[in-house]
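K.L.:
Protein chains in written order, with my numbering: chain A, 1 to 366; chain B, 1001 to 1311.
Some clues are possibly wrong.
Stated by the list, open to error - Coverage of chain B stretches by chain A, computed from C-beta distances (three or more under 8 Å per stretch; other residues unrestricted):
hint	segment
1	1259-1266
2	1290-1299
As the list claims (entries may be wrong) - Incomplete in silico selection of chain A near chain B, CB under 10 Å:
hint	residue
3	L123
4	Q125
5	A150
As the list claims (entries may be wrong) - No farther apart than 25 Å at their CA atoms in a straight line, the calculated lysine to aspartate or glutamate pairs in the DMTMM-like style are these:
hint	chain 1	residue 1	chain 2	residue 2
6	A	K133	B	D1250
7	B	K1155	A	E127
8	B	K1145	A	E261
9	B	K1302	A	E261
10	A	K244	A	E261
No lab work stands behind these hints, which were simulated from the structure alone. No experiment lies behind these values; they were computed from the predicted model shown. Heads up, the beta-carbon is just placed ideally off N, CA and C, and yes, glycines get one too.
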Amino acid sequence: MSQPPFLEFRNVSKSFGEIRAVDGVSLGIKRGEFFSLLGPSGCGKTTLLRLVAGFEMPDQGRVLLDGQDLTHLPPNRRKVNTIFQSYALFPHLTVRENIAFGPRTARRPKQEIADDVEKMLRLTQMEPYADQKPEQLSGGQKQRVAIARALINKPDVLLLDEPLAALDLKLRQRMLVELDQIHDQAGITFLYVTHDQGEAMSLSDRIAVMNAGRIEQVGSPSEIYEGPKSTFVAAFIGDTNFLKGKVVQLPQPGESVLEIEGFSPVRCSINGRRQVGEDVHVSIRPEKFQITNEQPSPDEGCNLASGTVEDVIYVGSHTRFRVRIGKSRLTILQQQTRFLHDDRPIRANEKVWVRWHWQDGFVVEG
Amino acid sequence: MQLVLARLRGRKLRARQIETRMRSKDRHRLHEWLVSLPSLGWLTVFFLFPSLIVFAIAFKPSNPFGGIDPGWTLDTIRSLVNPAYLPIIWRTLWLSFMTTLVCILLATPTGYYIARSEPGRQRLLLLAVIVPFWTSFLIRIFAWKVILHPDGAVKRALVFLHLLSPDTSLLYSSGAVLLVMIYTFLPFAILPIYAAAERFDFRLVEAARDLGASPLGAFLRIFLPGVRRGMVTAILVVFIPALGSYVIPDLVGGPGGEMIGNKIAQRTFVDRNLPHASALSACLMLAVLVPLLLVLMQQTQKRSQGKANET
């Protein structure tokens, strides 16, 4: 990393009673980045966010923002603002008063506040509702007010705690686009907490996948999807097939040959130090396979295996096959594209050939 | 022609719709009446009638034997305009107001604190608020007489610390009345405020802090408006009974701590002048009812306005 991180966690830990919610997290987030913390509920992602907001104090470690130590500052002294999952709009104030809360607290000049509030109302298209109370608004409108109320303070970092979780699917997709636009316009660093991999993948510049208080992997959405480092990441982000095998050869860095029951030797990409003879798992995404009912010609870069189709499930845009090879069972997704399937369709209990590029198989930890 | 017919039919249809809607509304209203009939009956027999009787007696002539004579008179009402009452009315209002103020000032942070405590501790604290009710009200006031007694430990300690001269009395003053009234009414203020605080969404306080408010700022600007209903209830359940206090000033007040309640009792039991006592009671009742009705009317108006805005 060339420039120092804008928001930084240095070996941060936080426990609640017996539970280690955040366990030795170190992480750097760049200025202007859309960064997501992704993980199942209880993985510590919200606690990490609350440590930045100042609602929790870490037991250990430090939180730095733009080189300044935030660790022990109270929430009102931090240049960060939060969008809460429940929106937390003040029920006794109108939309306008809600948005003006921050600048009024900062005792900015009245006229300036009024102008800024109007600007935010326009930006979020909430002008017609300016004098209504939150209880009269729909979920999406509340969401917009929450965004306006936070952005008007021009925070260094905007913290978003599962902001779309309470919305229905259609609205969620629309707000997704809006959030993306707001991030582009405002140029503010976003720290986004979600358990929804789809949200994280489509919005983020980078994602940290969390599990049990620790960060499993940090990377761009494609890095994480295409190259999961652990079984947890591979399983949590999208669907995948895990095969159990043993390393038999390490021909060059990043490449390995595995022995997997029912397969001829399988070439796989590999990260980190491994030894010949080690038991490992390999992860291969369902859509990375090609499935045919005629034996394909051998290909230098591909692994080839043959097995029996157990069932075929048509899901519209795709067809899902389950193929048994030796003791393993693979889930394979094939797109419904006519030029891929000009031959006769594959049926259950048929013998098939399955092939995939060796770089689409990843040796993962655990 | 057909168009006109269709339009007519449409109008008829709409009329029928409105009619059925009205009918269901009527039925709904009837249902409401039936449900509230028992409590309405109770209030009529045990609250409305006695109050009316009290009002009526105020316009009856008194007789020297403690009864009332037939006929009607305005003499009693006229006799109320008596400068001797002014200090007592003033004291009653002042003591009730101060009691309410101090109770709210103490009860609001207490309610906040209890609502923010963890569940186990919350139960314990609530129990501590309610526990005094297990002892008779009278006994608790007599306990205060012991505490404030000229030979009591409190007085001696204060004299020892030179905070009090040996010849001032802690008992039998309006100060003693105020102290014991605050003590008596405090739980009634804590409970409704706690109930409101318990329902309050404390994430709003976090949101306020996040937007730059200090802890005190968040408390004043977000928490207080959030529990205002509880506070209004607390004000009513403290101020109204405080106005009618009788036992407390009677036991710890002395002549300098008399309130209107004592005067009413005196007129009833000592002077045996029922019309006069009734007239005083009626004044007290009006003093309570009129502001209360105004508040209620304003609230229902606001509520119906809110409903109108929603649609």
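K.L.:
If a hint holds in the structure, say so; if it doesn't, say that too.
P.N.:
Right, here's what the structure says about each hint:
Judged by the Cβ-Cβ criterion of 8 Å, the segment 1259-1266 of chain B is not covered by chain A as claimed, because only 0 of its residues qualify and three are needed. Taking a C-beta to C-beta cut-off of 8 Å, the segment 1290-1299 of chain B contributes 0 residues in contact with chain A, too few for the three needed, and the coverage statement is violated. Interface restraint check: A:L123 against chain B, minimum CB-CB distance 18 Å, threshold 10 Å, status violated. Look at A:Q125: its Cβ only gets to about 20 Å from chain B, farther than 10 Å, so that hint breaks.
Here the hint on A:A150 is kept, as its CB sits about 8 Å from the closest CB of chain B, short of 10 Å. For the proposed pair A:K133 and B:D1250, the alpha carbon gap of about 50 Å is over 25 Å, so the pair is violated. The suggested pairing of B:K1155 with A:E127 is violated, with an alpha-carbon distance near 65 Å, which exceeds 25 Å. Between B:K1145 and A:E261 the alpha-carbon distance is near 91 Å, which puts this suggested pair outside the 25 Å criterion.
The hinted pair formed by B:K1302 and A:E261 fails the criterion: a straight-line CA distance of about 75 Å is larger than 25 Å. Of the supplied pair hints, the one linking A:K244 and A:E261 holds, its CA atoms being roughly 8 Å apart against a limit of 25 Å.
Checked against the numbered hints given earlier, the structure breaks hints 1, 2, 3, 4, 6, 7, 8, 9 and satisfies all the rest.
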